[in-house]
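Protein chains: 4
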Amino acid sequence: MEKKPVKIVTIGGGSSYTPELVEGFIKRYDRLPIREMWLVDVEEGREKMEIVGAMAQRMWDASPYKVKVHMTLDRREALPGADFVTTQFRVGLLNARVKDERIPLSYGMLGQETNGAGGMFKAFRTIPVILSIVEDMKELCPDAWLINFTNPSGMVTESVMRYGHWDKVVGLCNVPVGAMLDEPGAIGRDASELVYRFAGLNHFHWHRVFDIQGHEVTDQVVDAYLAGKVSGPANIPGLEFIPEQLKAVGMMPCMYHRYYYLQEEMLRHAIEEYNTIGTRAQQVKQTEAELFELYKDPNLNYKPEQLAKRGGAHYSDAACETIASIYGNTNTHIVLTTRNNGALPDLPPEVAVEVSAYVGAAGAQAVAFGPLHPAQRGWLQLMKNMELCVEEAAVTGDYGMALQAFTLNPLVPSGKTGKRVLDELLIAHKKYLPQFADTIARLEAEGVTIKDEVARSLTEQGL
Amino acid sequence: MEKKPVKIVTIGGGSSYTPELVEGFIKRYDRLPIREMWLVDVEEGREKMEIVGAMAQRMWDASPYKVKVHMTLDRREALPGADFVTTQFRVGLLNARVKDERIPLSYGMLGQETNGAGGMFKAFRTIPVILSIVEDMKELCPDAWLINFTNPSGMVTESVMRYGHWDKVVGLCNVPVGAMLDEPGAIGRDASELVYRFAGLNHFHWHRVFDIQGHEVTDQVVDAYLAGKVSGPANIPGLEFIPEQLKAVGMMPCMYHRYYYLQEEMLRHAIEEYNTIGTRAQQVKQTEAELFELYKDPNLNYKPEQLAKRGGAHYSDAACETIASIYGNTNTHIVLTTRNNGALPDLPPEVAVEVSAYVGAAGAQAVAFGPLHPAQRGWLQLMKNMELCVEEAAVTGDYGMALQAFTLNPLVPSGKTGKRVLDELLIAHKKYLPQFADTIARLEAEGVTIKDEVARSLTEQGL
Amino acid sequence: MEKKPVKIVTIGGGSSYTPELVEGFIKRYDRLPIREMWLVDVEEGREKMEIVGAMAQRMWDASPYKVKVHMTLDRREALPGADFVTTQFRVGLLNARVKDERIPLSYGMLGQETNGAGGMFKAFRTIPVILSIVEDMKELCPDAWLINFTNPSGMVTESVMRYGHWDKVVGLCNVPVGAMLDEPGAIGRDASELVYRFAGLNHFHWHRVFDIQGHEVTDQVVDAYLAGKVSGPANIPGLEFIPEQLKAVGMMPCMYHRYYYLQEEMLRHAIEEYNTIGTRAQQVKQTEAELFELYKDPNLNYKPEQLAKRGGAHYSDAACETIASIYGNTNTHIVLTTRNNGALPDLPPEVAVEVSAYVGAAGAQAVAFGPLHPAQRGWLQLMKNMELCVEEAAVTGDYGMALQAFTLNPLVPSGKTGKRVLDELLIAHKKYLPQFADTIARLEAEGVTIKDEVARSLTEQGL
Amino acid sequence: MEKKPVKIVTIGGGSSYTPELVEGFIKRYDRLPIREMWLVDVEEGREKMEIVGAMAQRMWDASPYKVKVHMTLDRREALPGADFVTTQFRVGLLNARVKDERIPLSYGMLGQETNGAGGMFKAFRTIPVILSIVEDMKELCPDAWLINFTNPSGMVTESVMRYGHWDKVVGLCNVPVGAMLDEPGAIGRDASELVYRFAGLNHFHWHRVFDIQGHEVTDQVVDAYLAGKVSGPANIPGLEFIPEQLKAVGMMPCMYHRYYYLQEEMLRHAIEEYNTIGTRAQQVKQTEAELFELYKDPNLNYKPEQLAKRGGAHYSDAACETIASIYGNTNTHIVLTTRNNGALPDLPPEVAVEVSAYVGAAGAQAVAFGPLHPAQRGWLQLMKNMELCVEEAAVTGDYGMALQAFTLNPLVPSGKTGKRVLDELLIAHKKYLPQFADTIARLEAEGVTIKDEVARSLTEQGL
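Quick mapping for you: the protein sequence lines, in order, are chains A, B, C and D.
-15 is the number of the first residue of the first sequence in the working numbering; add one for each residue after it.
-15 is the number of the first residue of the second sequence in the working numbering; add one for each residue after it.
-15 is the number of the first residue of the third sequence in the working numbering; add one for each residue after it.
-15 is the number of the first residue of the fourth sequence in the working numbering; add one for each residue after it.
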C-alpha cells in the first residue's frame, strides 16, 4: 500500500521560523514528499504571514519540488485532509511575552517565556486555543498528527491529551537537539559514536550518554561542560552549574535547569538585563523586525543566516524530522513530549513527559527510563504537579487553582507579592484570557492595576 | 497474661521539658504504671539533668506513686530492660540552634530549627546519634519502643527505620495536638464532636475535619482561621495564609506551611526578629535559663506555668499518651510519624509519614488517606524527596548529596550563596559532624570562614 | 449538637436474617436509638417479609423500646429520610443459587455462592439492582449510609463506589468476626488480649495477630489451626490447609482461601455433596423453610437458636455494630469492605478492599497494611482484577468481558467447557439479566440449553 | 574509536542449536566481525559438543571468514576477554525434561518445559547455575554482555539481575520472531509494512500491530488467526483461542497463552500425547539423535534443514541479531526480556519483562507500553508474582516458597496432589537441586517415591 504525498498545515504560519520549516521539508523531500503546505494565522499576524508566505513560496520555487504554499486566516479552510498539523503560534504575539517578562521582573521575580510566572501565563493563553484547534481537527482531519512546538510545549501537549482527548500529538523542543549537537565534539567524539537517553519534562530534562562501546560517558560530558568546552548559545558565562552539585546529579541537566539549580544567579542576570539591554522579548522583537525586513526581499529564496541568532534553532528541524520519521516509519531516536506510559515510573502513566523515543508509523515509542534518585525525583514530581495545576487553571479559569500553581512554582516566592504578580498579569493579558473574565472583572473592581513604571514602559512600546 | 509495670528511659533527660513528661506520666498512672524512670544525658548537659532530675523526683514524691528517677551519663547503663525509650535530646544544645538560625539569616535566608538550612543541619547532627542509640537498643532492650520527639522528628524517625532497620519507633509532634485543641472552639464545637484526619509529613501536614453527623466541616475551620478565631501560639498576626489559596487547598494546612505558602512574609518576619529581638534560639535560651532557675527551687514539685511559654507544649503529653495507648492497647487516635505503608499512596510505602493513626499494642495503625490533588501532591513529594536526600547526606557525609538537599529545599534559593551557607554551617558545627570531617577539612583549607559579623556575635554569646 | 434517633431501611427485609438484625439493634439501643425500621422486599418475597416483619415487630414489642416496623414493596416509599440503608437482598432468591451451584457442578466445576462461576453470576444479577437502589438514594436520602451485606459483598460494594459514584458505603462480612471469636480461645487467650489486622478482599483476606505485649502471635494461631483447635462452622474435617504452605504464607488465610489453596479437595467435596446430600443451596432452602415455620409462631418474640445453623451468623451483628459505630463515632475496629486509598499499596487506590478499619462518624478509616509478599500479592492482584472484569461485564452486559472474567477466575478452568457453563448460566438466569438480553437471545437462537439432567432436576424442584 | 572484533563464548555449546548460531554469525559477519568462538559444556555433554564443535568449525571454514572454534569443559578457561556470553545450556539435559513432563502428567497435570510444574523445576535447576556463571563473569569478563536463551528465559534472566546483580543481560525467545514472520502474510501485508509492539513476560506476552499508515490492525491479525490463516508450527488444529474471548482481549496473545486461555483443551492434548506418541521431550530426544547423526558427517558444513523441525527455530537468530545490534548500535526493534523500568507500569520497575525494545550500544531500550486492562493485568501480575516465588525458592531452597509457587501457578491445581507432584519432582531431580538437599532427604526419609508406572518408564528409557 503506497503512502500518499502529504498535506501540511502550519498554525501560526506567520512566524519568523517558517523558513526553517520549509528548508527542513526541502531537505527531506525524498523521504517526505509534500503535496501542499498551508499557513494559517490570525488577523493580527496577517502582514507577517503574507511576507513569510511569499518567502516560503520562493524557497519551494527555488527547489526541485513543486509545492504550493497556501495562506488563510481561517483554519477551518486549511485543515480538511491535513496529514500533519504543526503549531507554532504565539497568542498575543511577542507583545504578550514582553508583559510576561516585565511584570514579574518589576517585583524582582524571574520573568521568562516558559518558566516562572511568564511560562504559566503563556500556558493560560495558549491552552484554550490549542483545545479549540483540536476540536476542529476532530471534525476536519481526524487522522492527522498534531506536531506542537508552541511553548510551553510540555503543558500545551499534555493538555491536548488530557483535556482534548487527542492522542496523535507530540511536543517538540530544540534543547535536546542542541545538546546532542554540541556535546560530542566537546568530549572528542562524533555524534554517531554516542547514544543519548533523555528523561524529564519539557525544558526540564536530564540526559545520560553512552559510547558505542557501551560505557557510560556522562561524566565526561559533565567534565567537558565544567571545563567550558560545551558551547551552544545557552552557555552564558558566569552561569555555570555548581560543579559539586552537578556531579552529584549523576546526569547532565538541560540548560533550563539553571533557573532551578542556580536560582540566585539567573534571577540576578535577568534583572540586570531588564535594567540595561531590555528583556529577552524586547531583544527578540528587534531581531524579528530585522528578519522580516530581510524576508521582504523578493530575491531572497533561502533561509537567511540571521535566523539562527533568533534562538530556537533546530526547532523546526526537529519537527520536520519527526514528521518524516512518522511518515517513513524510520524508528528514529527523537527526544519529544509524549504520554509517559511508565517511561518515568515516578510519575503517573497518563501524564506527558519529554523523553527519548523511537518515532515511526505508530507514533512515538517512549523508552522506559526507570526510577530516578530522590534528588531528581523531587524536582520532577514538583514540576509535573505544578504543570497539572497550571493546565487545570488554564481550562477552568479557577483563580484558586492559578494561585496553587503560583505557590508550587519554585520561581515564584509564595506570598502577597506573588499573588500581586498573578493579579497584574491577569489584568495585563485580559484580552487573551476569557476563561478568567470574572476574576479579572473582580480585580479591576478592586482597583488592581499594573505598576506605574511598567505600565508606562508598556505604553511607550505601544503595548 | 498480666503486663508488668514499665521502665522508661529518657535520652536528653536534662531537657526543660522533662517535668511535662513526668506530669503526663503521673496523670496517666492508672493506665500506665511506671516502675522506674531513667534520665540520660551527656556531660555538657549534666548540670541541667541534675537540676531537672531532682525536680522530677520531687514531682513523683508529691504524687501518690512511688517511682524512682535515676540519672546517668552512660545510656548503656540505663537501657537494659527498658520498655520505652523516649528521645528529646538536642545535639550541641541550643547553641547549635543559634548557629542554624544566624548563619542563614546573615545571608538573607530563613534560619529555622526544623525548616530550611537549619532544619537540615539539625538532621545532619542528630541522625548519627539516634542511629547509635538504636544500635545500643538492639543489644540492650530489643523489645523496647522508641518514642522520638527529637526534631526534625520526621527525618530522625525515618532514619531509624531506613538506616537503623528498627521498626518499633514512632515520631511525635505537638502541632497536630495543638490544632485539635484550638480549632473546635473556633467553630463552636467541642473536641468530642469532631473527627480529624491528618496526612503529610512532620511539620508539613494537612488535615480534614468532620463532625459526628458525618459532614465535612473543614471549610468551617478554614473560615474560622481566616476570621482570626483560631488562637494558638503559632498564629502570628500579619502572617495569615492567603484566603483564596487556602480555600483552594481544600484541607487545613499546619502552621509550618507558612514557610512554604508565605515564603516572602515569613522570611521578612525572621529577618526583622534577627535584627531586633534576636532569633528564636536566643529567646528560648533566655526562657530556659529562667526555667532552670525555677527548677532549682527545692520546694517546686509541679510543672511550673512558665513551661508553657517555652513553646512545644503538648509534646511530652503526646508522648505519654502514645506510650499509654501502646501499653493499654487503647487504639487511640494519635497523629504521629510512622511508616507510610500506603497511607499516602503518592509516596513510596517504605517512607515515613505523619498521619492519623490508631495506636495500640501492635503499634501505630496508620489510616489510609488516599491520593492528594496535584497542588498538594507536588509539595508532599518535593518535601519527602528532600528529606530522603538530607538523611542520605547525614548518614554518608557526602557533600554532593548535602548540596542536592540544599538545592531541593524550597527555603534555600539555589546558587552560590546557598552553597556558601552550607559551607559555613559545616564549619560552624564541625564538632558534631564527624561524618563530614573530610569535607570540613577541605573547606578550612580553602579558607572558608563564618561571616565576620556572625562570628563576632557568636563569640560574644560564648558559642 | 444532638443526634436524632435513626431510621433504618432494610432492603431484602424478608430475609430469614432480619430477626438477627432486630436482635442486634435491641442489644445496642442505648448507643443507637432506632426511630423506625422499614422492611422492603419484592413481590416474590412478600410472603416471607410479612412473616418475618410480624416477628420483628413482636421482638421490638417485647423489648423496652417502642419501634414501629413498616413493610413495603416499594422502596421509594421507604427511603425518604433514611439514615442507614441495609441491603441483604438476593436477586432470584435461593432458587437462583441452586442454579449457580448445579450448573457448574454438572460440568465438574465448583458451584458456589460467592466463588467461581456462581459468585460471578450472583454479581451479574445483583450489581444492576444495587445501582438502581443507589440512584433512588441519591434522590430520596442523599445523606444516608449504605450498609451492604448482599453477596458477593466486595464486588457489590465496589460497584456502588465505582459505577454508582456513591462513597457512603461499606460492605460487611461475617467471616472476620468469626475468626476473631474462634481463634483467641484456641491459643489460650481472651479476645481482649489480641490485636487483629486483616487485609485482602471480601472472602479473600488474610490476617495477622498480635498480643497486647506487642508480639506477633500469628504463628500460634496457625499452629492452633493445624492442631484442629480452631473450631467454627467453616472448619470441615479433611479440608485443612497444607501445613507447609500455610506456614510459608506468614499470615492466617480466611476459610474461603481453601477454594484457592486446596482447589482439588474443595472441588471433590462439592461434587460429593452434589451427588449425595445436595448442594448448599438445597440444604439452606430446607433450613429456611423450617425457620419460617418457626417465625410464624405468634408467640415467638426472640431470635430462635435454629437461625445460627443457617450459616452467616454474625452478619447482621457486624452490620449493627458498624451502624452503631458510625452513629456513636466510637472508632471501633471492624473489618469491612471500603475504598482502598492505599491501605493495600499493591492495588490501585480507588478499588475496594476488605481490611481492618476504625469506624466512626467519618466512616471507615482503613488501616494501611503495607505491601504483601509476591506469594500473596499474586493472588490479591489476580482476584481484584477478576472482580473488576466481573463488575464491568455486570454493568455493560458485554459477553466478551464476561468471558474474560471466567478466564481469569481460578475456579473455572479456561476452555470450551468454561464457556459452556457461562452460556448455560446466562440462559438459566435470563429473567434477572436484562443487560445480557441480546447475548441470551443469540445463545437461544444457537440452541444452547441447560444440560438435561440439570434441567430435569431443576424442574423437579419447581425452579 | 574503532571497535575490536568480538569474542563469543557459548555455554551449553554442545546444543544441537549451535549450527544455527554459527549460521547467524556468518550471515552477519559484515556487521559483526567474530574473532573467536568458544563452546563450553559439561562432561555429560562432551560428546555432543565435540560433534557439534567440529561441525561449527567446518561451517566457518566453508565461509569467507577465518574464525577458530575452541572447545572446553572449563568455562573459566573460555570466559576471559569475552565480549558476549550466550547461554543455551540445559541442566540435566533432555532427560530432565522427560521427568518434568511425565511426573506431572502421571497425575493428570500439565507437564511442559516452561509452563506448570515442569517450567518451575527447570528454573529450580537452572538458576543456581546461571548465578555461578555470573560470578565467573564478574571476575573474568566484567564488560561482557550475557545473552541468555536458556529457558525459562524470563525467570533465568530476571534472576541474573535480581540475585546476580548483573545488568548487562538480555533474555531471548523465538516466539515473537515467529509471530512477526507469520502474521504479515496472513493479512496480506509485508513485514516491512507493519509495526509491532509487544508487552508481557517471556512466553506470556501480547502484541498490538499497526500499519505504516498509523492505523492499528490488531483486529485484522486476530481475524486472520481465527480464520486459520496464521500458520507457524505452534498452531495446533483444534486448539484455537475462543473467538469471543480473543476479541475481547484487544491484543494478540502469544501461543503459550493457550495454556492459560484454553487450559482444558491443552491439558487434554498433552495427556493424549503422553498416552500415544510420547511427551514432547521424548519426541525431541529422537529428533536430536537424528540431528547429531547428521552433524557427524564430515562433509556437512551448513545448517541442515532438519534443525528447523527441532522447534525453537529463530532462537539463535534472535541472539545473533541482538549481538549485532548491540555491537553495531543499530537501534533495531527486538522483543526481549529486560528490566521493566516502567515499560509495564502494572509491574514494579525492577522486575524483568519481555517487551519491544530498541537495541543498541547502550543495551535494550524497552518501549513504555502503558497500563493494561484488568483482564490482562490480572494475568500479568499473577504470572510475574509466581515467577518471583519460583526464583526465591530456586535461590533459597525453601520448600514452603516452592509450595507457594506451585499454589500460585495456574497450571497446578492446588491441593495434596499438587504437593505430591512437587515432592516427586524434587526426588527425581535430586542430582541437580543441591539447594533442596535437606528437603529431599526429608522426603526420602518419609518414603516419598516416584509413581511406579513412571519410575518404570524412566528406567526403561535409562534415566
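Certain hints may be false.
If several chains are the same, the list does not tell them apart, and a pair holds so long as it fits within one copy or across any two.
[To be verified] Dumping the calculated DSSO-like pairs for lysine-lysine here, alpha-carbon to alpha-carbon at most 27 Å:
| no. | residue 1 | residue 2 |
| --- | --- | --- |
| 1 | Lys269 | Lys213 |
| 2 | Lys(-13) | Lys50 |
| 3 | Lys269 | Lys52 |
| 4 | Lys231 | Lys414 |
| 5 | Lys122 | Lys269 |
| 6 | Lys403 | Lys213 |
| 7 | Lys400 | Lys213 |
| 8 | Lys52 | Lys(-13) |
| 9 | Lys152 | Lys231 |
| 10 | Lys293 | Lys152 |
| 11 | Lys400 | Lys50 |
None of these hints come from the bench; they were simulated from the model.
Evaluation of the provided hints:
no. : hint              : verdict
1   : Lys269 to Lys213  : neither (30 Å within a copy, 52 Å between copies)
2   : Lys(-13) to Lys50 : within (18 Å within a copy, 45 Å between copies)
3   : Lys269 to Lys52   : neither (29 Å within a copy, 68 Å between copies)
4   : Lys231 to Lys414  : between (44 Å within a copy, 24 Å between copies)
5   : Lys122 to Lys269  : neither (35 Å within a copy, 58 Å between copies)
6   : Lys403 to Lys213  : between (41 Å within a copy, 24 Å between copies)
7   : Lys400 to Lys213  : between (42 Å within a copy, 21 Å between copies)
8   : Lys52 to Lys(-13) : within (20 Å within a copy, 48 Å between copies)
9   : Lys152 to Lys231  : between (38 Å within a copy, 24 Å between copies)
10  : Lys293 to Lys152  : neither (32 Å within a copy, 44 Å between copies)
11  : Lys400 to Lys50   : neither (58 Å within a copy, 56 Å between copies)
Violation of the numbered hints given earlier is confined to hints 1, 3, 5, 10, 11; the remaining hints are satisfied by the structure.
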